[in-house]
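**Q** For the record, the sequence lines run as chains A and B.
Everything in the first sequence is counted per the working numbering, starting at 1 for the first residue and increasing by one.
Everything in the second sequence is counted per the working numbering, starting at 429 for the first residue and increasing by one.
A couple of the hints might just be wrong.
DEER-style ranges, computed between Cβ atoms [unchecked claim]:
1) 449(B) to 177(A): 36 to 42 Å
2) 480(B) to 76(A): 38 to 44 Å
3) 456(B) to 329(A): 44 to 50 Å
4) 221(A) to 456(B): 45 to 51 Å
5) 454(B) to 279(A): 56 to 62 Å
6) 546(B) to 257(A): 58 to 64 Å
7) 538(B) to 171(A): 36 to 42 Å
A short list of chain B residues far from chain A (calculated; beta carbon distances all over 12 Å) [as the list claims (entries may be wrong)]:
8) 430
9) 438
10) 445
11) 452
12) 481
13) 509
14) 526
15) 533
16) 541
Hints are computed from structural coordinates only; laboratory data are not their basis.
From a predicted model like this one, the values you see are computed outputs, not experimental measurements.
Backbone N, C-alpha and C define an ideal beta-carbon position, used for all residues, glycine too.
The chain contents come next:
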Amino acid sequence: MTTAAEAIARTHREEWARVVAGLARRFGDLDLAEETAAEAFATAVERWPADGVPPNPGAWITTTAQRKAIDRIRRESHRDQKHQEAMMLHDDSPPDPVGAVDDDRLRLVFTCCHPALAPEARVALTLRIVGGLTVPEIAHAFLVQETTMGQRISRAKSKIKAARIPFRVPEAADLPERLDGVLAVLYLVFNEGYLASGEGTDPIRRDLTGEAIRLTRLVRDLLPPADRGEATGLLALMLLTEARAGARLSADGELVRLDEQDRGAWDRRLLAEGIALVQERIEAARDGERAGRYQLLAAINAVHVTAPHARDTDWGRIVALYGQLERIDPSPIVSLNKAIAISEFDSPEVGLAQVERLADRLSDYHAFHTTRAELLRLVGRSADARAAYDRAIELAGNTAETAHLIRRRAQLAAPTPQPHAPARENAS
Amino acid sequence: MARYLLSVMGRQDNPEFGGYGSVEEMHAAMAATGAFNDRLEAEGVLVFVDGLEAPDTATVVDGRGAEAILTDGPFIESKEGLNGLWIIDVPDLDAALKVAAEASHVCRERVEVRPFATAFAQTA
């Protein structure tokens, strides 16, 4: 027995994107689609507890929303007779001819992540239109006022309408580039959940990470198999990261480093799924497919999580994977991560030398100073390490991370001159 | 179909060789733009295209009062602004952005793409 409330919640989770996407295609108006879908769910909240849950809840919502949309177009018809006629004529039209894939939900994702929209608007719009989150929920997630978030979303919807951003999956030639944009939006949503910024927020926002995983899974499933590589990589990366979420915070809310985490507390089910996806991509690479950024990041994560203990980590493999990543994504942040792997594989001195070379480009990035601090303490330069922790604490925005850094700084020996470097201390 | 304004944005100080590095470069850009315009016309995409004379050739007319008042010079003095424009008629923004990318490449300036408000009425 499921209650009406449970049925509504499940239908919302499973059918929202499909309903909005179908309405958007049929009526050619994203705003109308979103509003009438929301109204149909509101009607379900009134009716289902009394009338019972319909046998096909998704179809009921779609039909109800379509009636509301047609009613609304009729009501507004006095103002714009021609517009209304054009819409009504299209009622039973087949889907527009599309590019590589034909699925209304996928069109919806590509429209919401269109490069002509501001990046922050793409994220908000995707969560609202594809994810079905409410404006207050999205505003809370990104720590902005509800009115600000509402304006951001309605401005983006107005631009889609006025500038005629097409409701279409890009053609095959443009698909890889446009898909990169979509995956970047989903990764941004995930990261905001995983390392939430701002004082007074929960350090890990499982609602956001969960939503990002759900949407990435949807995008991956909708793509033709030949175009799935990076979406699979991103999904694996998210799963392998999410699997560790429970071990990533201590009881008092401090960030726990990977090498200090209780590996028994990791989510086995998410790990198994993530590792299987990485394996799938490794086999594709053997067949000659070139691995993209997310696939490489997922492979690096897979090396970490398959080590029984932190000390068993295959650092040589991780250095090699970061080298591959550097070639396709020559960003200083990738080089920083490679330097960390090198410090483990080779020595902290070698790693530190590589880190120092990135100082010009990463001086405002908290993780650069954290890494420098850790390596400086390993080579016995306590005073320099302290200064680096100070800078990292200044720049870090995540509450759990700040707590961790303050503890690490407090563990440093008193800042007295050292006659010679002490033996390498245990990093944990 | 929908109409878009493609504005060529660039320096307003009437630089030597139209802002290009040399007279040869200027001629190359003009030739490439001409060939591009011919193609747009043949494809039925082009509504209008032209470049603008320097901003100091402009006159602002204010006819809101009883008599029109004329002022020498552009409406807004700025370092960068409109130097030329295309008006194109294409199915949607993706098509407009593709044309704009090529337009920017041939004229070697940045291009702003803006829809006309009548885009929808034109189709009815």
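**Q** Are the hints correct? Go through all of them and say.
**A** Okay, the hints, checked on the actual structure:
no., hint, verdict
1, 449(B) to 177(A): 36 to 42 Å, "violated (30 Å)"
2, 480(B) to 76(A): 38 to 44 Å, "holds (40 Å)"
3, 456(B) to 329(A): 44 to 50 Å, "violated (34 Å)"
4, 221(A) to 456(B): 45 to 51 Å, "holds (49 Å)"
5, 454(B) to 279(A): 56 to 62 Å, "holds (57 Å)"
6, 546(B) to 257(A): 58 to 64 Å, "holds (60 Å)"
7, 538(B) to 171(A): 36 to 42 Å, "violated (25 Å)"
8, 430, "violated (5 Å)"
9, 438, "holds (21 Å)"
10, 445, "holds (32 Å)"
11, 452, "holds (33 Å)"
12, 481, "holds (29 Å)"
13, 509, "holds (22 Å)"
14, 526, "violated (9 Å)"
15, 533, "holds (17 Å)"
16, 541, "violated (8 Å)"
Consistency with the previously given hints fails for numbers 1, 3, 7, 8, 14, 16, ordered from lowest to highest.
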